[in-house]
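Participant: Protein chains in written order, with our numbering: chain Y, 1 to 653; chain W, 1 to 653.
Any given hint could be a false lead.
Treat identical chains as interchangeable: a pair holds within one or across any two.
[To be verified] Here are the simulated SDA-like pairs of lysine to any residue, each with C-alpha atoms no more than 20 Å apart in a straight line: (1) 173 / 645; (2) 277 / 192; (3) 455 / 18; (4) 57 / 86; (5) 68 / 525; (6) 3 / 197; (7) 13 / 618; (8) 428 / 579; (9) 649 / 10; (10) 57 / 279; (11) 484 / 350; (12) 13 / 54; (13) 13 / 554; (14) 188 / 281; (15) 188 / 348; (16) 651 / 619; (17) 188 / 282; (18) 554 / 640; (19) 554 / 176; (20) 29 / 282; (21) 188 / 350; (22) 484 / 345; (23) 13 / 176; (24) 188 / 288; (25) 172 / 150; (26) 457 / 259.
Because the hints were derived from the structure by calculation, they are not lab data.
Number of protein chains: 2
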Amino acid sequence: MAKYKVTFLPEGKTVEVDEGTTLFQAAEKAGVYLNSLCGGEGVCGNCRVQVTGGQAKPDKGSILILSKEEIQSGYVLACQTAVKDNLEVVVPPEARLEEEQILTASRQQDLEAWRRAPAITYGEPGWVSLHKVPHDPASLFEPLVTKVYLELSPPTREDNIPDTGRIVRELKKKLNYPEYEITLHCLKDMCEQLRSHDWKVTVVVARHDDMGKIIQIQGGDTTDRNYGVAVDVGTTTVVAQLVHLGTGQVMGVEGNHNLQAHYGEDVLSRITFACGKGSLRILQEAVVKNINTLIKALTAEKGIDAADITCVVAAGNTTMSHLLLGLMPCSIRDDPYVPTVDLYPPFSAREVGIEIARNGILQVMPSVASYVGGDTVAGVLACGLADSAETSCLIDVGTNGEIVIGNNQWMLSCSASAGPAFEGGDTKCGMRATRGAIQRLNISDGRVAYDTIGKAKPRGISGSGLVELLYELARNRIVDIDGKFRSGMADKRLVSSDGQTQYIVAFPDETATGRELVITQTDIDNIMRSKAAIFAAIKSLVNYAGLSFDQLNKVYVAGGFGSYLDIEKSIGIGLIPDITKEKIEFLGNSSLMGARMALISYHAYDKAVRISRGITNIELSHYAPFADEYMAALYLPHIDHNLLFPSVKFKES
Amino acid sequence: MAKYKVTFLPEGKTVEVDEGTTLFQAAEKAGVYLNSLCGGEGVCGNCRVQVTGGQAKPDKGSILILSKEEIQSGYVLACQTAVKDNLEVVVPPEARLEEEQILTASRQQDLEAWRRAPAITYGEPGWVSLHKVPHDPASLFEPLVTKVYLELSPPTREDNIPDTGRIVRELKKKLNYPEYEITLHCLKDMCEQLRSHDWKVTVVVARHDDMGKIIQIQGGDTTDRNYGVAVDVGTTTVVAQLVHLGTGQVMGVEGNHNLQAHYGEDVLSRITFACGKGSLRILQEAVVKNINTLIKALTAEKGIDAADITCVVAAGNTTMSHLLLGLMPCSIRDDPYVPTVDLYPPFSAREVGIEIARNGILQVMPSVASYVGGDTVAGVLACGLADSAETSCLIDVGTNGEIVIGNNQWMLSCSASAGPAFEGGDTKCGMRATRGAIQRLNISDGRVAYDTIGKAKPRGISGSGLVELLYELARNRIVDIDGKFRSGMADKRLVSSDGQTQYIVAFPDETATGRELVITQTDIDNIMRSKAAIFAAIKSLVNYAGLSFDQLNKVYVAGGFGSYLDIEKSIGIGLIPDITKEKIEFLGNSSLMGARMALISYHAYDKAVRISRGITNIELSHYAPFADEYMAALYLPHIDHNLLFPSVKFKES
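Just chain Y, same shape as in the assembly:
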């Protein structure tokens, strides 16, 4: 088979690949990670690159997606273009995944941005829910993995029971689990360990059900060196928190982009990729690399040894949880949407590839259904929805929107596929909330004012930026209540391109890419569908429960997205219900918060299990009224504007 050289610019990295390899694969081989929302299906257009040397024919798919000018300039879709010549390829900024930035220079800035987000965020000690229910056993501090220091009496002729018996006898005085079990590894050098440390040892015990599993025995008193990591495994972002398991104190937080995004932006495209030819392993290794990278960053920052991390608790949606563990997720995708498992036993973290203490535990948070996962359960645990007699609602906005409604007697959940619009996908200039993303935006008298993350020149528009943009377009009557650009407007920003109207948010001279940032009619249509799906899901669940919005005591809005969201503008486009603002609470990353709670309290984990068992999931695709609710929500803010969104006022047209 012929081999060709491909050089990627501006890096100047060259790789040799077999004939027929796609440019996308070649880039990956070169360590140049390209953006892809569709998982290499040739439909999102995010991996467009410019061929500046050698011959590369754009395929049919590329021709449909790219403009004539782009094709003439040598642009192709990397995922659809096979290498059949030695090539020189320029990768424009918008086609890149920005992981290096996230992991190095701009990481602190990004984290700062996240921390600046309103309301409760991860990183703060103390929990939301535990304070609400003082006698809840879930507020007992008992980490999933505990270290107990023992001073044993040496054996005598009268007391010559085996070493394990001696340890368990003493251990039971301090940690009285009904049963104990021990790993082979601990037994191996127990004899020397005890004798060389004068019978003073620290026992590392992982709790599961009523069983204490002794996973390590260390010489001397090492109880001050016991750490855990709570991880929110998001489809887009992975965030990890380092927690001292002796005190419960949060020591640090780090986040990075889910490396699986190379292989598809949303859960469905990841499932498609995983269930293809042997690619599950690639996705598993990708997210494990995410977590290991975060652990390395956290341990380096705090000067601790990863071997002292004894437990990782991971919260993710059902697909992310399956992929993390390397479980085939194929049946999640197909009606009747069946996952492999919902209640995950504690696994060896190292068996999964996570580099912590030998025999350290990976506990994945339990899930409810294929599309209501451990992240949602963690969120319910964190916000205390299951503790109160009064009915509340949790809205977790992401690529999928998950809704839970209920109280300490009953809980219902549902999920709606919102699409990646709010996470930076599905729109021409959408991007994830990283450096250069427009987050805040105001339109006034034809002028657009905006803030970007990192105060950088804009490279795209984040999810919350798009919410604000759509709101501003509606408020200024640039789009109509049906989400369509009004015709006959005199606005230099409203132009026609490729046969459709688009609105210029930033002109080429303002941007980092030198290309204008726009929102097209198609983009707006996508956002309209996303927000309609989420609102219709909330409305359906409230109706299903026989309630109305004003009967909700609280509405918790969660998700990384949730932290940035402007409440008035979110209500303004009809994304979240128009209720008293005091009832709305932004949780930030409630998935991470719940994972941390489970990490530091077995009883909280136990409660999460009960929560996952106590939630009844309503499959919206089988719930007939959902379609009508969805249609009614495809307006700004809603077809029943006056009835459902009385507080929303737009300019008179």
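Guided by the hints, dock chain W onto chain Y, whose structure is given.
Facilitator: Quick look at chain W alone, frame taken from chain Y:
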């Protein structure tokens, strides 16, 4: 460092080794396994080899052990001789470990010999004890690892629980354990497994306490392919039995010599070796190789796949159990004799190195104390001692003798170091019970008649041969009641050599080695000490319980050795108590029998755990009267001949 070549004859195998390597290590490198009883301490003299080319200086230790003639002929102790020249070395037959023979040609003969042994032997279906106690739950057939075939209903919209939930729901109808857990490996391809086999699968479940652990899921009905292996891990011999776990039927049995014997004959020298510089691994790998070799032989013989073996139950003394699992055995050796563990959790067989099914289980039988191990517990389980209201005694004769006395209300145990005399060590011409060993022996009018294993020319004398020899010497008044050769006897077989009297059992022209087979006064002294230790232990324990021998309902004699033993001659030398012969029952390998019972019934395993907990061990080295009992037993048959051994009559002198 200088390197030298060493050639071993008659094989002609040559190896290159560093200067200073011992000849013993060099032989091992060449795949020539030498005999060693002392673990390379230079005291047993079993590894003597003849240097026929190059210079090798015998060290001081060799000079004490070897005769002048031997030294002049170039004999050295391989373990004490460092290589400092290119050497040619002849390995005489008696210095070899005979494993090739055992594993190939003579194996069937040896096994035949074992099978011919009196009373119950392994290899027979059906158990001793279970028939005695009809309502004992231990007679319930429920293998430690069970296969259950399930035909599941496919998921529907109304019933879309996760795959694991579907499996457990159906499983509970057939095998109602309170709790189930599942391995990560099973979860990984469960999704495909179920769907590609039309929801018909076989679930492999290992039981532990009240928990069922799902260790494999297989497509279709594979319930007829579920095998287990019971292993008796003896200090000298390892014997394995292949059992069909669907029926309980024994399919085959194989045995080999414990390869650890290269590094020391008895448990103490193995502990010394293991607790030296990093040699534990060597001993562990040796016995694992034993087991894997047996499994290969058994599976090849029956044409089955080792991947269908789901469980191994191993019974061994406490040191053997520790070494098998790779646990440091050092504290077992030192007062107050503390092992690492007595109740072994089920481990992954593969983690230990045993090549069976993925996630297959290794269950080690529970032990009582450092010198009363899982083999004894298995023996108690097998003989039913713990089931009867009447008091019985179990005597397991090996390198260590273990005694248990008791009934279904109480049990006492003790152990006595018998030394390796009965297993072929500690005597000049002793050998293990393999091809060429004298087993049966009669002396009449100065003539010695004997039978050897495999009808081969004699190479040495087995343990039971030594019992018979000593008895015959006593009966013919060649030795006196104190075990000393009588002076002034006119017997051409009685000669003097190296300053001590010895008795010629076989002349050079009769033997395989061309060297005469003798028993020396030192040999007899050693045997006297061995038999005295065992009898004193029995007597002490009976006294401790406030009983006399005639109050024993049964005396069970166990051990590979036990199968060959002549009852009259054993009583004759004062090895076992002089009671009605009908009360004496030879069990053969009761350790293997008990292991098989546990393998095919979780309830029998559970009972073994209760037995191990219910036995009170008496440490004889701390029990003052033992020393007196021992001194009194250093006679033939005993100092209280008339009182304790009324049936024993020797020739009038």
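Participant: State for each hint whether it applies.
Facilitator: Hints, one by one, checked against the model:
Neither within a single protomer nor between protomers do residue 173 and residue 645 lie at most 20 Å apart by alpha-carbon distance, with minima of 60 Å and 53 Å respectively. Taking the shortest alpha-carbon separations for residue 277 and residue 192, only the inter-copy value of 13 Å comes in at or below 20 Å, while the best intra-copy value is 49 Å. In this homomeric assembly, residue 455 and residue 18 never come within 20 Å of each other (Cα to Cα): the closest approach is 42 Å inside a single copy and 69 Å across copies. Proximity of residue 57 and residue 86 under a CA criterion of 20 Å is satisfied intra-copy only: 13 Å inside one chain copy versus 72 Å between copies.
In this assembly of identical chains, the alpha carbons of residue 68 and residue 525 never lie at most 20 Å apart, being 24 Å within a copy and 105 Å across copies at closest. Proximity of residue 3 to residue 197 under the C-alpha cut-off of 20 Å is found in neither arrangement, the shortest distances being 61 Å within a copy and 42 Å between copies. Proximity of residue 13 to residue 618 under the C-alpha cut-off of 20 Å is found in neither arrangement, the shortest distances being 50 Å within a copy and 76 Å between copies. With identical chains, the CA atoms of residue 428 and residue 579 are never at most 20 Å apart, being 32 Å at best within one copy and 98 Å at best between copies.
Taking CA atoms no more than 20 Å apart as the test, residue 649 paired with residue 10 passes in neither setting, with 49 Å inside one copy and 104 Å between copies. Taking the closest pair of Cα atoms, residue 57 and residue 279 never come within 20 Å of each other, the shortest separation being 27 Å inside a single copy and 65 Å across copies. Taking the shortest Cα distances, residue 484 and residue 350 never come within 20 Å of each other, neither inside one copy (52 Å) nor across copies (65 Å). Proximity of residue 13 to residue 54 under the C-alpha cut-off of 20 Å is restricted to the intra-copy arrangement: shortest distance 16 Å within a copy versus 63 Å between copies.
For the homomeric pair residue 13 and residue 554, neither the shortest alpha-carbon distance inside one copy (53 Å) nor that between copies (84 Å) is at most 20 Å. Within a single copy, residue 188 and residue 281 get their C-alpha atoms only as close as 32 Å, which misses the 20 Å cut-off; across copies the closest is 11 Å, which meets it. For a Cα distance limit of 20 Å, the shortest separation of residue 188 from residue 348 qualifies both inside one copy, at 18 Å, and across copies, at 15 Å. Proximity of residue 651 to residue 619 under the C-alpha cut-off of 20 Å is found in neither arrangement, the shortest distances being 38 Å within a copy and 96 Å between copies.
For a Cα distance limit of 20 Å, the shortest separation of residue 188 from residue 282 across copies, 14 Å, qualifies, whereas the shortest one inside one copy, 35 Å, does not. When the C-alpha separation of residue 554 and residue 640 is checked against a cutoff of 20 Å, the pair qualifies neither within a copy, at 22 Å, nor between copies, at 93 Å. In this assembly of identical chains, residue 554 and residue 176 lie within 20 Å of each other by CA distance neither inside one copy nor across copies; the values are 39 Å within and 43 Å between. Taking CA atoms no more than 20 Å apart as the test, residue 29 paired with residue 282 passes inside one copy only; the shortest distance there is 13 Å, against 43 Å between copies.
When the C-alpha separation of residue 188 and residue 350 is checked against a cutoff of 20 Å, the pair qualifies both within a copy, at 19 Å, and between copies, at 16 Å. In this assembly of identical chains, the alpha carbons of residue 484 and residue 345 never lie at most 20 Å apart, being 50 Å within a copy and 68 Å across copies at closest. Taking the closest pair of Cα atoms, residue 13 and residue 176 never come within 20 Å of each other, the shortest separation being 59 Å inside a single copy and 61 Å across copies. In this assembly of identical chains, residue 188 and residue 288 lie within 20 Å of each other by CA distance solely across copies; the values are 16 Å between and 29 Å within a copy.
When the C-alpha separation of residue 172 and residue 150 is checked against a cutoff of 20 Å, the pair qualifies only within one copy, where the shortest distance is 11 Å, while the shortest distance between copies is 40 Å. Neither within a single protomer nor between protomers do residue 457 and residue 259 lie at most 20 Å apart by alpha-carbon distance, with minima of 25 Å and 73 Å respectively.
Violated hints for the displayed structure, listed by number in ascending order: 1, 3, 5, 6, 7, 8, 9, 10, 11, 13, 16, 18, 19, 22, 23 and 26.
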